[in-house]
Amino acid sequence: MATEGGGKEMNEIKTQFTTREGLYKLLPHSEYSRPNRVPFNSQGSNPVRVSFVNLNDQSGNGDRLCFNVGRELYFYIYKGVRKAADLSKPIDKRIYKGTQPTCHDFNHLTATAESVSLLVGFSAGQVQLIDPIKKETSKLFNEEMASSWRA
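Under the working numbering, the first residue of the sequence shown carries the number 31, and numbering increases by one thereafter.
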């Protein structure tokens with residue numbers, strides 16, 4: 031390798047560089063494979079909520095993570111802060127058309143490795159009970175109330 035000035039070799043690995051087309055950056059896998067983002071809207075940005083549950087399964091990966099981005103709800107295996115979740119492979123992903131999730135929480139008392147109850151609240155007043163492991167929708171509450179809000 032050619033030397034410059036002080037006789038030091040230029041073995042430095044670049045993590046970003048700029049060209050006339052734009053800025054190129056080396057991204058970690060978790061950042062590169064993240065779900066599609068909702069464009070930022072400074073008027074009324076969509077808050078992201080995160081819920082955790084431990085299922086006490088035998089594999090040692092008992093932690094699960096649920097988060098929402100805009101109208102999308104994702105459910106993943108959580109391996110801790112040192113290992114990024116593979117965001118290209120969610121256990122369950124739901125996209126809502128008429129309304130968006132604003133809050134959610136797991137029932138920690140009934141959670142098992144085969145089933146977990148997740149209660150999701152929506153912007154129009156509905157509350158939905160789902161099981162992201164079995165990929166089932168159990169009940170939708172306040173549906174009639176939400177339709178009167180839209181009228």
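Just so you know, the hints here were simulated from the structure itself, not pulled from any lab data.
The structure displayed is predicted, hence computed values, not measured ones.
Some hints could be false.
To be verified - In the EDC-like style, the derived pairs of lysine to aspartate or glutamate whose C-alpha atoms are separated by at most 16 Å in a straight line are:
(1) K127 x D161
(2) K123 x E102
(3) K165 x E102
(4) K55 x D87
(5) K123 x D161
Hinted pair K55 and D87, Cα distance within 16 Å: violated (38 Å)
16 Å Cα cutoff - pair K127, D161: Cα-Cα ~19 Å, so violated.
16 Å limit on alpha-carbon distance, applied to hinted pair K123 and E102: holds (7 Å)
Straight-line alpha-carbon gap K165 to E102, limit 16 Å: Answer holds: K165 to E102 is near 15 Å, not above 16 Å.
Given pair status - D161, K123, alpha carbons within 16 Å: OK: K123 and D161 at ~12 Å, within 16 Å.
The earlier numbered hints that this structure contradicts are 1, 4.
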